[in-house]
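Since chain S is already given, all that's left is putting chain G on it; use the hints.
2 protein chains.
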Amino acid sequence: MKINLRHLSNSGKSASRQLLKATLPAVCSLSMLTSVAIPAAQADEGMWLFNALPKKQIAQKYKFEPTEDWVNHLMLSSVRFNSGGSASFVSSNGLVLTNHHVAADTLFKLSTAENNYNENGFLAKTLADEIPATDLELNQLISIEDVTARVNEAVKPQMAPAEAFKARQAAMAQIEKESLDKTSLRSDVVTLYGGGRYHLYRYKKYTDVRLVWAPEAQSAFFGGDADNFEYPRYCLDVTLFRVYEDGKPAKIDNFLKMDPTGAQTDDLVFVSGNPGRTRRILTADAVEYQRDSGLPRTMNQLRRREITLQQYGLAGPEQTRRGRDDLFGVQNSRKAYTGMLAGIQDPSFIESKRNSEKELFAKLAADPKLAPLAQAWETIREIQIKRKESLLKSASLRTQLYGFAEKLVLMASEDKKPSNERLREFRDSARQSLEQELFSEVPVYDDLERALLTDELSRFMEDRGGKDPLVLAALQGKSPRSRASEIIANTKLFSASARKELATAGLDGIKNSQDPLIALVRSMEPEYRKVREVTEAIDEQERQAYAKVTEAKFAVGGDSVYPDATFTLRLSYGSVSGYESNGKAVPAHTKLGGAFDHEASHLAKDPWVLPKSWHAAKDNLQADTPFNFVCTADIIGGNSGSPVVSREGAMVGIIFDGNIESLTGDFYYTDKQSRAVAVHIAGVLEALRSIYQAGHLADQMGK
Amino acid sequence: MKINLRHLSNSGKSASRQLLKATLPAVCSLSMLTSVAIPAAQADEGMWLFNALPKKQIAQKYKFEPTEDWVNHLMLSSVRFNSGGSASFVSSNGLVLTNHHVAADTLFKLSTAENNYNENGFLAKTLADEIPATDLELNQLISIEDVTARVNEAVKPQMAPAEAFKARQAAMAQIEKESLDKTSLRSDVVTLYGGGRYHLYRYKKYTDVRLVWAPEAQSAFFGGDADNFEYPRYCLDVTLFRVYEDGKPAKIDNFLKMDPTGAQTDDLVFVSGNPGRTRRILTADAVEYQRDSGLPRTMNQLRRREITLQQYGLAGPEQTRRGRDDLFGVQNSRKAYTGMLAGIQDPSFIESKRNSEKELFAKLAADPKLAPLAQAWETIREIQIKRKESLLKSASLRTQLYGFAEKLVLMASEDKKPSNERLREFRDSARQSLEQELFSEVPVYDDLERALLTDELSRFMEDRGGKDPLVLAALQGKSPRSRASEIIANTKLFSASARKELATAGLDGIKNSQDPLIALVRSMEPEYRKVREVTEAIDEQERQAYAKVTEAKFAVGGDSVYPDATFTLRLSYGSVSGYESNGKAVPAHTKLGGAFDHEASHLAKDPWVLPKSWHAAKDNLQADTPFNFVCTADIIGGNSGSPVVSREGAMVGIIFDGNIESLTGDFYYTDKQSRAVAVHIAGVLEALRSIYQAGHLADQMGK
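Chains S and G supply the protein sequences, listed in that same order. Positions in the first sequence are counted from 1; adding 6 to them yields the working numbering. Positions in the second sequence are counted from 1; adding 6 to them yields the working numbering.
So here's chain S without its partners, still in its complex pose:
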């Protein structure tokens, strides 16, 4: 996988992200407690909270116990890309190291038909050459506070699910607002353990972020879609940004030192990053729903989008460029979902899950105080049936412009309410991020929007049926293609200033707008709100049920449980180690020189073509420099760009992928063959110096 969260996230912005957001409303909005179904006593399982690390467990296995300072320094050195990825501070003067594929969204937005930074790479020779990113927001986690009691206080037992949901949301928004007012830090209440715990996360935000260096896509994504999720690998999947404050490089106190000699076989390593979503807490019934309905539907939609983008790209090289970022993301997700689905289609997985549920039920039944908790599994079973029934009822389309229009229309009404009664994305504490998204000058291409809107109108008709009043209203008697052409020809939303103007005009402005896309969203709004209310009520019911599941698991399994991933900072650990595949040993490391052999063994055919810069530098390169390596740390989409650090807390690598065996990680962890894949920091430094004439950057790193 490209373990980029971009296409698995519900915080994203692009059409593809919306695709998945809309597809998996419930799952994306739930964070869940890990299952104890897969015994993992000695395995390196877990995406641990920074305020609840399994220090004893690590010490027992690896004879190393992280100190408080060690943990705090790593937390403050870690960076979250709000667009869906991880990173770290790597110098005192603001350098941030992440993956090329995490940066791709920005590279793509900065590129034009003439300057294709995504394909051809970029190097700023001086600070003045560094290019401001269009709409990036980087987050540095500052503190974590448990607010469970206060959130739960707001919800009274007699409340109906919809009412309970609103009360809970209001309490969370209130806590966030108070924190923002008090600290001026971004303040998010995070739902953990599927509703078992609520923690307040405070972040320092960086919004002046500049591009410093990126290699060519040919090197970052060497082997392309074919090698994606495979190992051995030879990818320089890294990019450097720099954060600025007050127009100057930010002064960073906590950054990582470099250790190019680290990450040797069997070394203990840590991964600090933001895994996006796992669903290990799911009950067997909920997994079966995903297997038989949820994932197959998502995959149909991904395939559909993939074909649509491929077809769009056939029109010419410029169209290929325009569609590539989305296409890449969709292909990556499709491959990841294929692996996930394959994992839960294995009958033995469900069987083992059912068996451990039986064991758990027996333990609960033995204790009269715990016995009632078993009801939660039944509730969840019933909820899956409701989910299946409401599967086709979405009232939204997935294109970039439609997304803008939808936000503008909803915002106009939401802003009339007090902040803590609004739909969550419109609360005051999230306003700055929302405005950055809506008002940034990002490129939006009319022909791409037309192709996607045509396909989306067609899908909408297929989903709801051709007689559906909402569909008929959307089409206005025209075919999806003519209607899409008409809308795209007449909407003003391509322009950031037009979007800003509409946002400023308030509810009257929206009501009176003649923009056809605004009008389309207006016609969908009542149904959209209805669907969302129903979905959120189901989510709330499920949240309450999983809170009970959590309670049961805490009661039986002790406190050695970590919550499912929630795109918040987590620590994973493991050892650098190869594995066996089809009876052959796969070593843990590859070397820089191996990239040339890999190219030759594929006859240098696309996508196995190294860039010219590599061939030019071949004779100067230290060919035996470690390049990529694998370890057993437990990661998932969103961990892309996470620093890999040694027990000394120094950087030894940067996560960029997981092997194909790791794709079941959404549902369960195993260390038999599943591995996280990283670029070795020695390879990064050597490439900067010997291939990219960027020794000055290598010199800054770690200092």
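Each statement offered as a hint is correct.
Treat identical chains as interchangeable: a pair holds within one or across any two.
Simulated crosslink set (DSS-like; lysine-lysine; CA at most 30 Å straight-line): (1) K364 <-> K484; (2) K115 <-> K611; (3) K590 <-> K498; (4) K624 <-> K597; (5) K394 <-> K473; (6) K611 <-> K341; (7) K484 <-> K590; (8) K422 <-> K506; (9) K498 <-> K536; (10) K473 <-> K678; (11) K369 <-> K67; (12) K399 <-> K473; (13) K484 <-> K341; (14) K554 <-> K473; (15) K394 <-> K536; (16) K341 <-> K399; (17) K413 <-> K536; (18) K473 <-> K392; (19) K341 <-> K473; (20) K254 <-> K210; (21) K364 <-> K473.
These are computed hints drawn from the structure, not numbers from a lab.
Quick look at chain G alone, frame taken from chain S:
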């Protein structure tokens, strides 16, 4: 479109063909009367029966009335590729001209990793160099006889649908058997007008068919998937075969003369070929079913297969080669279906269909004898609901090997019954074609079969749910991937002789077979038979209803109605004429020299790369030779390779595509922008002489 029937046919053999066969059980097995919804008084609409040509209509518009000899000569000069396409005899010594993409199936089967005829082309310098095709069967239509009365006699009014279906099938098989015994000709009873008429078609079969010449795929499919269904075009989409009898080139009495000066703008032209399937008779309710359920489901399956084949091809150039034929077919179908669905998603189409139904109902109501016929529309409406309910219930997998296994298992039981009680494909009169399919030494690739079987097992689980007993039995506790690997590693069905051995071993042989694929089919057989019986009963009900619809339309519309396409020989006509697209005039013709301009305007990037042979010949070519042209004739998939003839009956071109506007042709004809696309015969002859050093073949043509 590539208007090759291969991927739209129910007579096909490959996995992709099976894909569509299984997807559209009802629609494929029904032939239907054209709708009178779209008024086409002066338009060149219609795929006319050779024994019921609209001679007066043609004479009125074009001042030309075909004589009986003219018609008979054209019928006997026309050739059907049983693998799914059309062609014609073009010399007295057995030359047959068809499309490269019709020949692709054969070119692919004759190719190896070393000799890739499909990509690189082929030329036999002498008769001795001509290569026997693996499993081709060519049909020459000899006679047509109306057997409606005899077929209908067998069906008694009191019979239940399943019983009626069996009685009808038995009568048809009996007629075919008697004809075969009497004439030794292939004898097919064809269902026309959705069950309104039954005609007996007798064919002379040619099974010794040899490859003579094919151009490179780069030239035949110049512009690739991007240009497919577009116009202007520059494709040499032709291939020459030769039929043999007794080891010598067959002596052909009826073949087409060449007219390289023909097909000028506004000329009347005729197209004689085998359109595969249209559904113009469908009632508005039936179209709505296709719009909301049938086509969307088919498209999901096509996209799925397309992605699976793309992923398979990523493994290397040899995998790309192995998967290309299927991938091409699936992409072609997906693009065609996209156009079809777009056509019926236009609300104005359904509206006009409903309006003309209302008019028809009014006329029926006015005549007490006709009034009861209106009930047929209600029956059809009810049948659509049944179809929707039974949509996911298939009990078959779509891979080449599974197809072999399924035929072998069914055949063993079927052969115990009298011929006319068997499932239709196992009747005696079809045995020779079936055996050619089963026992030919066609290449089957284990890695491709494994990839497809994995995906099919996964789909099967998605369709029926993971708890379905049939799914559990198929997987035997393993994941789709492990189970597919196990089956492919152990089945013997890759070998034609093993298949023959199993076929010879009869029912006991099948029952005792340890072959895992045979065992898998055995476990599916009862459910497969059940599903098929239910589907065929629904089909029979629909057939009886459409027979009434036909009766109603004949009563109201007179005899100027043609039946929907049935992959049997039809005559279409029209004029050579350009059209308007996006406000610009598209001329009817392109010229050979234009191919080089087309290449240059796309920077000679794939797929716009002309082969070396073209560049080498560029200076010798007559650049202004007509190359491709369009006409208004009414065609559809299956017409690929159809000769285009002048009023003198001479060949002026060969159909190879339809433009994007023609894709609605499945449901309705319009001549506003919709056009059939042909290679001009002048271009073919010039290319043979000046590019391919095949003047000796050009000299034989027409003589």
